[in-house]
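Student: Make a model of the complete structure from these sequences and hints.
In our numbering, the protein residues as written are 810 to 1190.
Do not rely on the hints blindly, as some may be mistaken.
Calculated cross-link-like contacts (lysine-lysine; reagent style PhoX-like; alpha-carbon spacing at most 20 Å) [unchecked claim]:
hint, residue 1, residue 2
1, Lys1114, Lys938
2, Lys964, Lys1062
3, Lys963, Lys1062
FRET-style restraints, in silico, Cβ to Cβ [to be verified]:
hint, residue 1, residue 2, range
4, Glu1133, Glu1064, 44 to 54 Å
5, Arg1162, Gly873, 19 to 29 Å
6, Glu1026, Thr854, 28 to 38 Å
7, Pro929, Gly873, 17 to 27 Å
8, Gly1085, Lys1113, 23 to 33 Å
9, Asp855, Ala1029, 52 to 62 Å
10, Gln832, Gly1091, 22 to 32 Å
11, Ile1160, Asp1049, 23 to 33 Å
12, Gly915, Asp967, 51 to 61 Å
13, Leu1141, Gly873, 36 to 46 Å
14, Glu1175, Gly849, 48 to 58 Å
15, Asp862, Gln942, 24 to 34 Å
By construction, these hints were calculated from the structure, which means they are not laboratory data.
Where a beta carbon is used, it is the ideal one built from N, C-alpha and C, also for glycine.
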Amino acid sequence: MNIALLGYGTVGGGVYELLKDRQDITVKYVLDKAPIPELGERSVTDFSVILQDGEVDTVVEVMGGSEPALQYLTGAMRAGKNIVTANKQLLAEHYDTVTSVARETGVGFRSSAAVGGGIPWLPNLQRQKRLGQIAEVCGIMNGTTNYILDVMHKKGYDYDSVLQDAQRLGYAEADPTADIEGLDVRRKLMISANVAFDTSLTEQQVPVAGIAGITREDIAGFNEQGYVCKLYATARRVKDGAVMAVVEPTLFKAETLEAAVPANFNLITSVSEYAGRQSFFGEGAGRWPTAFAVVQDLLDLCEKKQGFYTQISQPMPSNNLCEERRYYVRYLVDTWFMDGCVEKRWGNGVITRPVTPAQMHSWYLESRRNDPEIFFAAFNG
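Tutor: Put into structure tokens, the structure is as follows:
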């Protein structure tokens, strides 16, 4: 197999290191914005060189972002080249486009690294749905936020200092917005649900709330009551062929499996017709776990395991009004919504009566404009 590697950053460099001494996979080109002197003739800055080379049978994309990645990958597929990508933003925003081109051209298209890093999550979803329906996908899908919450629970530090520590350790980006606001998790949940349910969700179908407003006082109150806070994603089949999908801070009893997930680890779960509840645990990001998953996809292609994503992709209506849950809420500005749903005081905030995720997220988005430090978390179960 001759491959072209698009991107030579943290993950791209890891992929190159894992492949450079292999005999069965040759890195013929590495595309980056500027020449990479140590790679010699392998280094290119013009994608057309890769596109026009008939010896390149597989393109590995680890650039990130939607463009020019979308243009490159669709062009490569139409040129008959297989694709391996770790790009969750591309898949979440353009799932229909890339999977339909893959189906039309008959090339291999794999992206195990897009969700869960080195965890074999997406391939196992594919295996599960061969025999029975998948009812739910859910879990802790972001290592940055899990690290922050874990340290706050265990050491009592404030949010800002732990975020800075996460950035120093390389767990958080210089601009951590996508992680702490839950946008990264939403992308991963959308991809997981698309694979599990043979659908193509949009961002508008998945309300999201992150952890930016959480305080050490919130955490102390949770600890005192025997709860642990996690940023949690859920997509579940509900009645009338709809999907309930949401990303939000969630409180788990301290004795649960989810509460025990430490540091920057992930725990991703599926519920299927015959296998029941299965959970996958491991590091969900980082250079080597992600590069490992990319190379595993390449080895699968070498073994002619080409199909990965769904052969069909049907829209599903969303229904985030079909179930209710209680929430912990801390807020400063009174509103008619909270006046009508407070059940009791709890720590620095209140516990609501059961309300739907759609109601809570709608109130949150509106209220955050005037109350930027607002925070809420759902009670699990």
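Student: Of the hints given before, which are not true for this structure?
Tutor: 4, 5, 6 and 15
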